[in-house]
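Using the working numbering, read the sequence shown as starting at 1 and increasing by one per residue.
These are calculated hints, taken from the structure and not from any lab test.
One or more hints might be untrue.
Unchecked claim - The calculated lysine to aspartate or glutamate pairs, modelled on EDC-like cross-linking and capped at a C-alpha distance of 20 Å, are: (1) K56 to E34; (2) K78 to E96; (3) K56 to E67; (4) K78 to E91; (5) K4 to E91; (6) K47 to D15; (7) K4 to D74; (8) K78 to E114.
Claimed, not checked - Now the in silico label distances, taken between C-beta atoms and shown as ranges: (9) A10 to E98: 31 to 41 Å; (10) A64 to E114: 32 to 42 Å; (11) I107 to D61: 29 to 39 Å; (12) S108 to K56: 15 to 25 Å.
It should be emphasised that the depicted structure is a prediction, and the values quoted were computed from it without experimental measurement.
The beta-carbon is built from N, C-alpha and C at its ideal position, and this holds for glycine as well.
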Amino acid sequence: MADKLLIIMANSDPDSAMSVVPPITQAAVAAAMEFEAEIIFTGHCAKLVVPGTAEKLMLADGRAAIEVIREARDAGVKIKVCASGLERWGETVIAEVEETVGAAYIISEAMDGETVTFTY
């Protein structure tokens, strides 16, 4: 059985809470179940980790998406961003991002036999 969940968020609409919150929640649940969990934001979805985006994106319950990201991080989810995803949005990211990675890292992790990869 795999021991790691890798969620690659590339095509989700970073301006839609309904699009971005479920994968982040899934990662938090995996971490709570004691699996290693990692989210990599890339492509259009890298906008979500640009300061101001997640803070302004509101959920139906009145919370901002940044709160869901923080809950996931606090549950043990590693939050990363792909450098190529920042080309459009700039290099400044929210404090919850622990690392900027490259495309080779994403491929290496996704191909690992101990990793299950979900893409959104």
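Okay, the hints, checked on the actual structure:
no. : hint                    : result
1   : K56 to E34              : 31 Å, violated
2   : K78 to E96              : 9 Å, holds
3   : K56 to E67              : 11 Å, holds
4   : K78 to E91              : 19 Å, holds
5   : K4 to E91               : 27 Å, violated
6   : K47 to D15              : 9 Å, holds
7   : K4 to D74               : 17 Å, holds
8   : K78 to E114             : 17 Å, holds
9   : A10 to E98: 31 to 41 Å  : 19 Å, violated
10  : A64 to E114: 32 to 42 Å : 34 Å, holds
11  : I107 to D61: 29 to 39 Å : 36 Å, holds
12  : S108 to K56: 15 to 25 Å : 33 Å, violated
Taken one by one, the earlier hints fail for this structure at numbers 1, 5, 9, 12, listed in ascending order.
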